[in-house]
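Based on the sequences and whatever the hints tell you, model everything.
Residues 1 to 139 in this note's numbering are what the sequence shown lists, from first letter to last.
No wet-lab data here; the hints were simulated from the structure. On a predicted model such as this, the values are computed, not experimentally measured, just so you know. C-beta atoms are modelled at their ideal positions from N, C-alpha and C, and glycine is treated no differently. Please note: incorrect hints may appear among the correct ones.
Claimed, not checked - Have a look at the derived ranges for each label pair, beta carbon to beta carbon:
#1 TRP90 with GLU62: 25 to 35 angstroms
#2 ALA8 with LEU125: 23 to 33 angstroms
#3 PRO27 with LEU73: 37 to 47 angstroms
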Amino acid sequence: MAQFLPSAILPGPLETLRALAHLAAQPDFYRQLGTTAWRGVVGFSAAMILGLGLGLWMGWREQAYRFFRPLILLATSVPPIAWITLLLIWLGLGDGPPLVVVIITTAPLVAVSVAQGVRELDPTLLEMARVFDLRKKHI
1 MAQFLPSAIL PGPLETLRAL AHLAAQPDFY RQLGTTAWRG VVGFSAAMIL GLGLGLWMGW
61 REQAYRFFRP LILLATSVPP IAWITLLLIW LGLGDGPPLV VVIITTAPLV AVSVAQGVRE
121 LDPTLLEMAR VFDLRKKHI
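The following block contains the structure:
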């Protein structure tokens with residue numbers, strides 16, 4: 001595909017590697033790479049924690065599921081580029097907008113997956129856990 005389009009639109013693999021090597025030679029490259037990695041790890045970790053907590057709650061409580069499900073569908077229907085634009089206006093430049101975008105785009109997916117997993121637990125397995133006197137926090 002790259003051979004049919006101008007390199008300004010879709011550069012080939014060698015041209016891309018040359019540009020990457022040029023960027024890697026810049027003194028600021030590794031600091032920016034570290035900042036990006038930090039934002040990704042922190043945002044993804046926060047999204048996992050929030051998504052897990054919300055998903056467990058939605059799985060255990062029907063009211064929570066009915067309340068949050070439409071909000072999650074709304075949040076996931078908005079493209080990340082739209083969130084970035086809004087968050088740059090609201091929060092300005094810095095670490096806030098990228099972190100919030102990662103959380104907004106990842107946490108709902110985790111929450112829905114966890115909620116479905118909890119809701120689809122086999123009742124006989126839960127009964128067996130109760131028979132063996134397992135505490136609810138261990139189940």
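So, going through the hints one by one against the coordinates:
1. The given range of 25 to 35 angstroms is respected by TRP90 and GLU62, whose C-beta atoms sit roughly 33 angstroms from each other.
2. Separation of ALA8 from LEU125 is about 58 angstroms and departs from the stated range, judged on CB atoms against 23 to 33 angstroms.
3. For the hinted restraint 37 to 47 angstroms between PRO27 and LEU73, the CB-CB distance of approximately 45 angstroms keeps it satisfied.
The structure shown violates just one earlier hint, number 2.
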